[in-house]
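Below, each chain spelled out in residue letters.
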Amino acid sequence: MIRKCLQIREDFELYKRLLEKDKFIEERAIDLVDNGATWRRQNASINHDSHEDMFFGVDKQKFGNKYGLKIFIKILFDEPVFYFDSDGPAHFNYDKVNGLSGSSIGTPHFNFYDSEGIKQARRTEFIEENISRLQNDINFGMEYFCKEAHINTNSHVPRIREGLQLGIFANEIDDIHRGVDFLDEI
Amino acid sequence: MNWKQVFEAVKSDFCSLMNFKVRGDTLEVQTSLVTLGNQFVSVFISLKNDVFIVSDGGWIDQNYYGDSDRDQIEEDIIQRIESQLRYSYKMNQVRAKTGAIFNFKTTSDIKLLSLTAFETAHFVTQMANARLTHYAEDKIPAERQMFVSEVNSILKFQYGSQFSANDSLDAHIGELGNIKFNAIIRRPAKTSLLMYVSGSTHGNFVRSAAVATINFQIANKDWTARRFNKVAIVNSQAPGYNPERVHDYLRELREETSTDLLDFYKNQPNIVELIAA
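Going line by line, the protein sequences match chains F and R. Reminder that position 78 of the first sequence reads as 78 in the numbering used here, one-by-one numbering, no gaps. Numbers in the numbering used here are just positions in the second sequence, counted from 1, shifted up by 186.
Calculated from the structure, these hints are not laboratory results. Worth double-checking, as some hints may not be accurate.
BS3-like mimics (lysine-lysine), calculated; alpha carbons at most 27 Å apart, straight line [said to hold, decoys possible]:
1. K407/R with K376/R
2. K207/R with K62/F
3. K62/F with K4/F
4. K16/F with K342/R
5. K147/F with K96/F
6. K197/R with K96/F
7. K452/R with K366/R
8. K21/F with K70/F
9. K366/R with K407/R
10. K74/F with K21/F
11. K70/F with K16/F
12. K297/R with K283/R
13. K96/F with K283/R
14. K342/R with K197/R
15. K207/R with K283/R
16. K96/F with K342/R
17. K62/F with K147/F
18. K297/R with K234/R
19. K4/F with K342/R
20. K21/F with K62/F
21. K452/R with K4/F
22. K297/R with K207/R
23. K96/F with K452/R
24. K96/F with K4/F
25. K234/R with K197/R
26. K234/R with K276/R
27. K16/F with K62/F
28. K21/F with K147/F
29. K62/F with K297/R
30. K297/R with K376/R
31. K23/F with K96/F
32. K23/F with K147/F
33. K74/F with K342/R
34. K283/R with K62/F
35. K190/R with K207/R
36. K207/R with K70/F
Please put together the full structure from these sequences, using the hints given.
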């Protein structure tokens, strides 16, 4: 079963135009704030030369390195319409031409919508060559995201700042089972 | 046909979807199971004190597979589904120091490891899908909107300004003039009145067919509108469509239409010609 965003399909030219045009975030730095038990989040407005309401959203695990960098376009969808996932599940690219082979797109990857309004994922050569740095350094990811999304192309890319990460060291984070007391529970 | 060869090809494509990532002392197995949100389900395996632990990695709890907005009624439904899934799959839960809840199973027999991973992966798929599904009645009609929008976009492309969605016959007075047809196509030679039949549940589908029938009946009693084309487009992929249970309703509808009922998905390649016929 394939879910579609019909609004994007209907206004696909607008969707493409908004993603490809030059966009700006004014903030020099974006400070993450706690959101629930496991995440920190923040939004910032995106400025551009027409009236459609757009904003940037970032979320990052408090005790892990996974983060997401997202563009929202309110008139098209209440979910992000273009985003980068540093980690997490592989995406199933529904492909009527090539079938199953090559349909699994692992993280890190970009998510976007095609002209049918179907969400797809893609990995770039840059991602293939920088997987570990992209997964561990949100600001490295932010530089790349802004470049791909045409945000602050010729100006300072906002720095994402988070509070201190206490109690867990960076090299432990990727090991998803480390520090979880499974056997105490049984 | 060499069916064994066909089977081998299907099996090979299924299996080649699987992948893995080593994360420190934990193995991530990317399975070939996909959620309604088009994400592959991963399970995580580690070994401690000669016991294999297979978990969801805390990914359900942290919404890696997505989630939808819910009111309290839907929240209660989800809770009931989740507790039954936990019970059926005999899943354990633990809260990590990071705050994330892990669902997991264990086995100390390596022969049973794949079974444990298989069960965990199916559990994750069903949990993710339960969270991606809408339950409240007022949220479901989105399905009908999707169908309407899908049909309209094709017809609008074909007929341009002759096509008008959700319109009525203004020149007529009385009740006929107030009836909203899903679409009217005003070609110089002939006007077509269109009704779309769809529904998220059996009840909604039947109501949709009944409204289409009545609207055409009223049009057929009008001395000009009776000459117009009356076309019903049926959503055979609607969740509420069950041919065995709507047969009589659709036969009544067919009595009022000018052509056979059009199955949108079966007739899609030439739906435009069929409407114009």
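Against the structure, the hints:
With a C-alpha separation of about 18 Å, the suggested pair K407/R and K376/R falls inside the 27 Å cut-off, and the hint holds. Only pairs whose Cα atoms come within 27 Å are accepted, and K207/R paired with K62/F is accepted, the gap being roughly 22 Å. At most 27 Å may separate the alpha-carbon atoms for a hinted pair to count; K62/F and K4/F exceed this at roughly 32 Å. For the hint linking K16/F to K342/R, the alpha-carbon distance of about 21 Å falls within 27 Å, and the restraint holds.
Restraint check for K147/F and K96/F: the C-alpha separation of about 30 Å exceeds 27 Å, so the hint is violated. Of the supplied pair hints, the one linking K197/R and K96/F holds, its CA atoms being roughly 19 Å apart against a limit of 27 Å. Distance restraint check for K452/R and K366/R: the Cα-Cα separation of roughly 26 Å lies within the 27 Å cut-off, and the hinted pair is therefore satisfied. The hinted pair formed by K21/F and K70/F meets the criterion: a straight-line CA distance of about 16 Å does not exceed 27 Å.
In summary, the hint linking K366/R to K407/R is supported, as the alpha carbons are separated by about 16 Å, within the 27 Å threshold. The hinted pair formed by K74/F and K21/F meets the criterion: a straight-line CA distance of about 17 Å does not exceed 27 Å. The hinted pair formed by K70/F and K16/F meets the criterion: a straight-line CA distance of about 15 Å does not exceed 27 Å. With a C-alpha separation of about 31 Å, the suggested pairing of K297/R with K283/R is violated against the 27 Å cut-off.
For a cut-off of 27 Å, the pair hint linking K96/F to K283/R is broken: about 44 Å separates their Cα positions. Between K342/R and K197/R the alpha-carbon distance is near 42 Å, which puts this suggested pair outside the 27 Å criterion. Distance hint between K207/R and K283/R is fulfilled; the C-alpha atoms sit about 23 Å from each other, no more than 27 Å. In summary, the hint linking K96/F to K342/R is supported, as the alpha carbons are separated by about 25 Å, within the 27 Å threshold.
The hinted pair formed by K62/F and K147/F meets the criterion: a straight-line CA distance of about 26 Å does not exceed 27 Å. Under the criterion of a C-alpha separation no larger than 27 Å, the hint pairing K297/R with K234/R is consistent with the structure, at around 16 Å. As the CA atoms of K4/F and K342/R are separated by approximately 19 Å, the hinted pair is consistent with the 27 Å bound. Distance hint between K21/F and K62/F is unfulfilled; the C-alpha atoms sit about 33 Å from each other, more than 27 Å.
Proximity of K452/R to K4/F is assessed by CA-CA distance (about 20 Å); at most 27 Å being required, the pair is judged to hold. In summary, the hint linking K297/R to K207/R is supported, as the alpha carbons are separated by about 21 Å, within the 27 Å threshold. At most 27 Å may separate the alpha-carbon atoms for a hinted pair to count; K96/F and K452/R meet this at roughly 17 Å. Distance restraint check for K96/F and K4/F: the Cα-Cα separation of roughly 15 Å lies within the 27 Å cut-off, and the hinted pair is therefore satisfied.
Straight-line distance between C-alpha atoms of K234/R and K197/R comes to about 33 Å, which puts the hinted pair past the 27 Å bound. For the proposed pair K234/R and K276/R, the alpha carbon gap of about 20 Å is at most 27 Å, so the pair holds. Taken as a hint, the K16/F and K62/F pair is broken in the structure, with Cα atoms around 33 Å apart against an allowance of 27 Å. A hinted pair counts as satisfied when its Cα atoms are at most 27 Å apart, and K21/F with K147/F qualifies at roughly 12 Å.
With a C-alpha separation of about 37 Å, the suggested pair K62/F and K297/R falls outside the 27 Å cut-off, and the hint is violated. Our distance criterion of 27 Å between C-alpha atoms is broken by K297/R and K376/R, whose separation comes to about 71 Å. A hinted pair counts as satisfied when its Cα atoms are at most 27 Å apart, and K23/F with K96/F does not qualify at roughly 33 Å. Restraint check: the Cα-Cα separation between K23/F and K147/F comes to about 10 Å, which is no more than 27 Å; the hinted pair holds.
Under the criterion of a C-alpha separation no larger than 27 Å, the hint pairing K74/F with K342/R is consistent with the structure, at around 25 Å. Using a Cα cut-off of 27 Å, the hinted pair K283/R and K62/F holds, with the two alpha carbons roughly 11 Å apart. Taken as a hint, the K190/R and K207/R pair is broken in the structure, with Cα atoms around 32 Å apart against an allowance of 27 Å. For the suggested pair K207/R and K70/F, the alpha carbons sit about 25 Å apart, so the restraint of at most 27 Å is met.
Consistency with the previously given hints fails for numbers 3, 5, 12, 13, 14, 20, 25, 27, 29, 30, 31 and 35, ordered from lowest to highest.
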